[in-house]
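Chemist: Residue-level listing of the chains:
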Amino acid sequence: MDFTYKYTDGQQRFQGEVQSWLEVHLPDEVQDSSGQPVLDQTSWGVCAALREKLGAKGWLTPQEPIERGGEGLDPANATVLFEELDARGLGWLLEETAGALRAIARCDAQGDRESLATAIANGRIGCWRSQFHSIDDLDPGDWGIQVTRDADDRILDGEGIFQGRDPAPGYLWTLAVHDPECHPEQAFSAFLIPPNLDGISIHPVRRMSPDPAHRICFDQVRIPPHCLVGQEKDGWDLGRSTFLIPSATAYTSVQDQPLDDLLDYARTTTVQGVSIAAEPVRQQLLMEAYINRGIQRLFRMRDTWMRSTGTALTYHAAQTRLWEQRSALRLSEITREVMGVYALLDHRDPRAPNNGNFELQQRLALTNSSASGSDSKIIARALGLASQEPERVGSSAG
Amino acid sequence: MDLALNEVQTMLQNSAREFMEAEMPKSRVLEIDDSPSGFAVDLWEKMCGIGWAGMAVPEEYGGSGNSFTDLGVIYETMGYYACSSPHLSSAVLCSQVILEAGSQEQKQTLLPGIASGQQIFSLALTEPEYGWGADTVHLQATRHNGSFTLEGDKLFIPDANVADRLLVVARTTAGPDPEHGLSIFIVDKDAPGVSVRVQTGWIGPKVCEVNFANVSVSESNVLGPVDGAWPAIAKSLDRGTALLCAYMAGGTQKVFEMARDYSQTRIAFGVPIGTFQRVQDHVIDTLNEADAAKWSAYEALWKLDQDDPGASVSISMAKAVVSTGFPKACEASHHVHAGIGTDLEFGLTQYTKRARTLQHYLGDAIYHKARMAKLLAV
Chain A
1 MDFTYKYTDG QQRFQGEVQS WLEVHLPDEV QDSSGQPVLD QTSWGVCAAL REKLGAKGWL
61 TPQEPIERGG EGLDPANATV LFEELDARGL GWLLEETAGA LRAIARCDAQ GDRESLATAI
121 ANGRIGCWRS QFHSIDDLDP GDWGIQVTRD ADDRILDGEG IFQGRDPAPG YLWTLAVHDP
181 ECHPEQAFSA FLIPPNLDGI SIHPVRRMSP DPAHRICFDQ VRIPPHCLVG QEKDGWDLGR
241 STFLIPSATA YTSVQDQPLD DLLDYARTTT VQGVSIAAEP VRQQLLMEAY INRGIQRLFR
301 MRDTWMRSTG TALTYHAAQT RLWEQRSALR LSEITREVMG VYALLDHRDP RAPNNGNFEL
361 QQRLALTNSS ASGSDSKIIA RALGLASQEP ERVGSSAG
Chain B
1001 MDLALNEVQT MLQNSAREFM EAEMPKSRVL EIDDSPSGFA VDLWEKMCGI GWAGMAVPEE
1061 YGGSGNSFTD LGVIYETMGY YACSSPHLSS AVLCSQVILE AGSQEQKQTL LPGIASGQQI
1121 FSLALTEPEY GWGADTVHLQ ATRHNGSFTL EGDKLFIPDA NVADRLLVVA RTTAGPDPEH
1181 GLSIFIVDKD APGVSVRVQT GWIGPKVCEV NFANVSVSES NVLGPVDGAW PAIAKSLDRG
1241 TALLCAYMAG GTQKVFEMAR DYSQTRIAFG VPIGTFQRVQ DHVIDTLNEA DAAKWSAYEA
1301 LWKLDQDDPG ASVSISMAKA VVSTGFPKAC EASHHVHAGI GTDLEFGLTQ YTKRARTLQH
1361 YLGDAIYHKA RMAKLLAV
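These protein sequence lines map, in sequence, to chains A and B. The letter at position 213 of the first sequence is residue 213 when you use the working numbering, and the numbering goes up by one with no holes. So the working numbering is basically just the index in the second sequence, starting at one, shifted up by 1000.
Accuracy of the hints is not assured; some may be wrong.
Below, simulated SDA-like cross-link-like pairs (lysine to any residue); rule was C-alpha separation at most 25 Å, straight line [as the list claims (entries may be wrong)]:
(1) B:Lys1374 - B:Ala1234
(2) B:Lys1189 - B:Gly1146
(3) A:Lys6 - B:Asp1305
(4) B:Lys1328 - A:Phe132
(5) B:Lys1374 - A:Lys377
(6) B:Lys1328 - A:Pro280
(7) A:Lys377 - B:Glu1257
(8) A:Lys6 - B:His1334
(9) B:Lys1328 - A:Gln325
(10) B:Lys1374 - A:Phe132
(11) A:Lys377 - A:Phe132
(12) A:Lys6 - B:Glu1007
(13) B:Lys1374 - A:Glu337
(14) B:Lys1026 - B:His1360
(15) A:Lys377 - B:Arg1278
(16) A:Lys377 - B:Ile1050
(17) A:Lys6 - B:Asn1006
(18) A:Lys377 - B:His1334
(19) A:Lys377 - B:Ile1267
(20) B:Lys1235 - B:Pro1178
(21) A:Lys377 - B:Lys1328
(22) B:Lys1374 - A:Arg330
(23) B:Lys1107 - B:Ile1050
The set of hints was computed from the structure by calculation and includes no laboratory data.
Starting from the given sequences, assemble the full structure and let the hints guide the process.
Modeler: Okay, here's the thing in structure tokens:
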């Protein structure tokens, strides 16, 4: 056994290259933009410029071939790139791009669509994606966007929540349901839709999480044929491919600044002259959070090792995500117990410790935990504990 | 990074499983637990016969000098089958104390007997003020005319009832630093003034109260330096703790598998109970605890083998994980099994009993988290 996680010589060389590049091209304003409540136009402009630079380098879709706007990196170096960006709070740049691109790539894109893919890969165009936590949870009867056919065009009706940081996206990437009574695998089509079509209205959504979300209403929106991605009713399958996007849990390193900050806070904050970290109850809580992070690291390491040896992951990746979601929630509880009411102050309050990042972590943990039900289902299925599926009227499932 | 077992470890794992499968059916576990001593001589002799008692002892003293990860593979398997034996007390804790503290002559005299299994030792450390730090040792050893006299009580001592000899940790000097002033004494269990009583309760493996009433020990039976025994004890406790974690990880894995298998086959309302989300959640909880236990234990063992400076933190982390996780997994598994789980013949309760006993042995989660905080300078 060997629990040392280290890059190969080739990875170390590439890491040096990435770090040098980021040193030159990374503006101070986006050293860590992931935690900012809202990216205003100024800071988004900086992010957009960085996205284009990354795109021009082929690093937004690093594993795609050069002709598709990528750099043709092998998975090992793609890991290095993601970990370097993620360490600076910029992993989302790759994640936002990858979903739509993978779907397009799977359709053997030609012509217009190929140039669209290149534009996305080059960072010139951003996409918003309709929000769903897991393809396994997609219920056609509950999906808010419906599609009907009108000659070669499609008509979209309904509404959905979309995610994306680009304030002016070039496209909306979504699924739409043909038949709410149908089995999910045959119920959906996938679309890349320009947001300026007649009948589309966009409304900001206020949520706990700083990630921007938008409610988009479709009122008899006529969609030209080229907006359909793949074949009709391929949506479930294509949606599945968008979930193959890089996810932080797919990598070995664990970025957990909030815990490090909390440990520092506890070490350096005193009550009646004594560090609060020395107080036995708080000390126990801090170590519980430390242990949770340790297990998180070990689970990621296990998953990475399994991937590297070609071992099939069954429940493992979902277990890692579930552990991380639960650990983040527990950390937010521990933060409140260790810090008391100071944990609730945000970045606008001059008395907020650590610029309000503790408060932010609590909101993020709660938001990110919303997918835990899906991960539990995936684990249960992998363990051979079949779920009880609700009866579907007219289901064509075999 | 390579998380696979090596060739030797894979062979050890296979042979250990084969051995345990043959020797430790659940009826046998119950039989041993129900016996007054909690000790099966024939099982111990077979374990020693295949060399397990000598694995932590260097070859020069009659052992096979295996790595702790090698031994961890055996412990994980023993835990999976809820095997009771004095192995941890004698072949690990006491052998390591002797290795760390003993003179060359003491090592040569004592270790071969431990490595062959012919001599069983038990480490008598904990007292009525139960704890695993030096500050909880109060039993007095008074020097008098070239010998020492032990007076006091030891509590919750595993395997003292079946041991030939005890390694008794006693205070020879009192002072502000609790780690200073401790010494180790080799005491025959049948020496005048020594009495051993198996403690009662839902405890497994069994633990004992050992009373020392004016017990005389010659200076030649002092192990290591007078007043300076703690470093050797601390090192040995670390090694034993890492292996105990592997044992508890094996038990947690078994408890998970029992919950999973039962939820697949037990039918309620016409469907397997595993289709109910509430049941699935319990099974997933046991799986999470099992995997957390396994990987934290193996990382600790690996660091121990590497002589990694962070080994003690990892060992305490692993013990905190298993001390919390094994009992939690058992409770979740009981929720899945409902009434049948409490049937002693069914096999789950033997794990629950071990989880609750071993949760405290060599330090509970509270102790180990406090130790981590100290080591990490939090």
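Chemist: When you check the alpha-carbon spacing of Lys377 of chain A and His1334 of chain B, does it fall within 25 Å?
Modeler: Roughly 21 Å separates the two Cα atoms, so the pair holds.
Chemist: Would you check the hint for Lys1328 of chain B and Phe132 of chain A, treating anything up to 25 Å between C-alpha atoms as holding?
Modeler: Violated, at roughly 32 Å.
Chemist: Are Lys1374 of chain B and Lys377 of chain A close enough, with their CA atoms no more than 25 Å apart?
Modeler: Status violated; Cα separation ~40 Å.
Chemist: Quickly compare the C-alpha distance for Lys1328 of chain B and Gln325 of chain A to 25 Å and report which way the hint goes.
Modeler: holds (19 Å)
Chemist: Starting from Lys377 of chain A, check that the Cα of Ile1267 of chain B is at most 25 Å away, please.
Modeler: holds (20 Å)
Chemist: Holds or violated: Lys1189 of chain B with Gly1146 of chain B, Cα cutoff 25 Å?
Modeler: holds (21 Å)
Chemist: Does the structure keep Lys1374 of chain B and Ala1234 of chain B at a Cα separation of 25 Å or less?
Modeler: Between Lys1374 of chain B and Ala1234 of chain B the Cα gap is close to 15 Å, so the pair holds against 25 Å.
Chemist: Given the hint that Lys377 of chain A pairs with Lys1328 of chain B, does the C-alpha gap stay at or below 25 Å?
Modeler: holds (21 Å)
Chemist: Check the hint pairing Lys6 of chain A with Asp1305 of chain B against an upper bound of 25 Å on the C-alpha distance.
Modeler: Answer holds: Lys6 of chain A to Asp1305 of chain B is near 19 Å, not above 25 Å.
Chemist: So if I understand the rule, the pair passes when the alpha-carbon distance is 25 Å or less; does Lys377 of chain A with Arg1278 of chain B pass?
Modeler: holds (11 Å)
Chemist: Quick one, are Lys6 of chain A and Glu1007 of chain B close enough, alpha carbons at most 25 Å?
Modeler: Roughly 23 Å separates the two Cα atoms, so the pair holds.
Chemist: Between the alpha carbons of Lys377 of chain A and Phe132 of chain A, is the straight-line distance 25 Å or under?
Modeler: Between Lys377 of chain A and Phe132 of chain A the Cα gap is close to 15 Å, so the pair holds against 25 Å.
Comparing the model with each numbered hint stated earlier shows that hints 4, 5, 8, 10, 16 do not hold.
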